[in-house]
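Listed in order, the protein sequences are those of chains A and B. Per the working numbering, residue 32 is the first one in the first sequence, and the count goes up by one each step. Per the working numbering, residue 75 is the first one in the second sequence, and the count goes up by one each step.
Just so you know, the hints here were simulated from the structure itself, not pulled from any lab data. It is possible that part of the hints are untrue.
Chain A is faced by these chain B residues, among others (derived, beta-carbon under 7 Å) [claimed, not checked]: (1) K78; (2) E80; (3) W83; (4) V84; (5) D86; (6) V87; (7) S90; (8) M91; (9) A94; (10) K96; (11) G105; (12) I107; (13) R110; (14) I111; (15) F126; (16) A130.
All values derive from a computational prediction rather than experimental measurement. Just so it is clear, CB atoms sit at the ideal spot from N, CA and C, and this is done for glycine as well.
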Amino acid sequence: MQPEEILILVAKGDKSAFGQLYALFKDKVYNTSISYLQQENDAEEVTQDVFVEVYHNANTYKGGASVSTWIYRITVNKCLDRIRYNNRQKRFSFITSIFNKDTGALQHDKPHFDHPGVGVENKERAAMLFNAIRQLPESQQTAFILKQIEGLSQREISQIMDMGEKAVESLLQRAKANLRKILSDYYNSNEGL
Amino acid sequence: MKQKDENRWVEDVLNSMDGAAKARPAEDLYGKIEHRIAVPFTKGRTISLTTFSAAAASIVLLIVLNMMALTGNSRKHDNGRPDEVSSVARYYDITNESEGLGL
């Protein structure tokens, strides 16, 4: 069955169809979320939010774009919302407690991130790449994550981001140029590592 | 040579996700989603007691500071010295009187 057909059943409240849809898209949603948020807990929460929204809004799917594009779009928006929320929390951390009640660790400090899908030999480099991705503007982050980490085509990215393919290409070029600069600065500040 | 090493390192980092496997969610995630779907959908968000207490304390602090500022100002006016308005008025009276006297 095609995802579009499954979604029609989900819109009618079919729980087993929802299970099928989850099985089809869970890795895509979670992998995208963890690449943006770089924290397993946040990625799990956003994955839940995405599928709850898919379930409640299945009847609003109009069919203009593919189900995959629709779900990616929801995922990207939820991730960006969560990043903005986390940044707001960070800004107001001087009023709220900055230490975690249970562990005593700093709540708003981003820990070193290891993507679970990366092999041991690339772990350190990938961590540096994710640290650099965090410093990109939102649209460049989105284009880079969808292309380099999710492996989507420029056409799919342009549909998700609702812009032309040329614009996506230009975003990707700028993202790579900025990442090169961030990484070069890091390399030089650490005297050739 | 140094530039070459730097460029190679940057490219290695940029391509470090090539061939990486997709991250997979925990097995129990679907159960959590089912549970959230089963509970009635409510719009709005719940806030923690800590956040609520912090907001309440900020409001109380703001009110206290405002009251202190107001009572401080009124005390300043009650300390026997003429306030600015009456000083200015007196100055003009004196000036007018001086003009009347043809000074």
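Which numbered conditions among the earlier hints are violated in the structure presented, ordered from lowest to highest? 1, 11, 15 and 16
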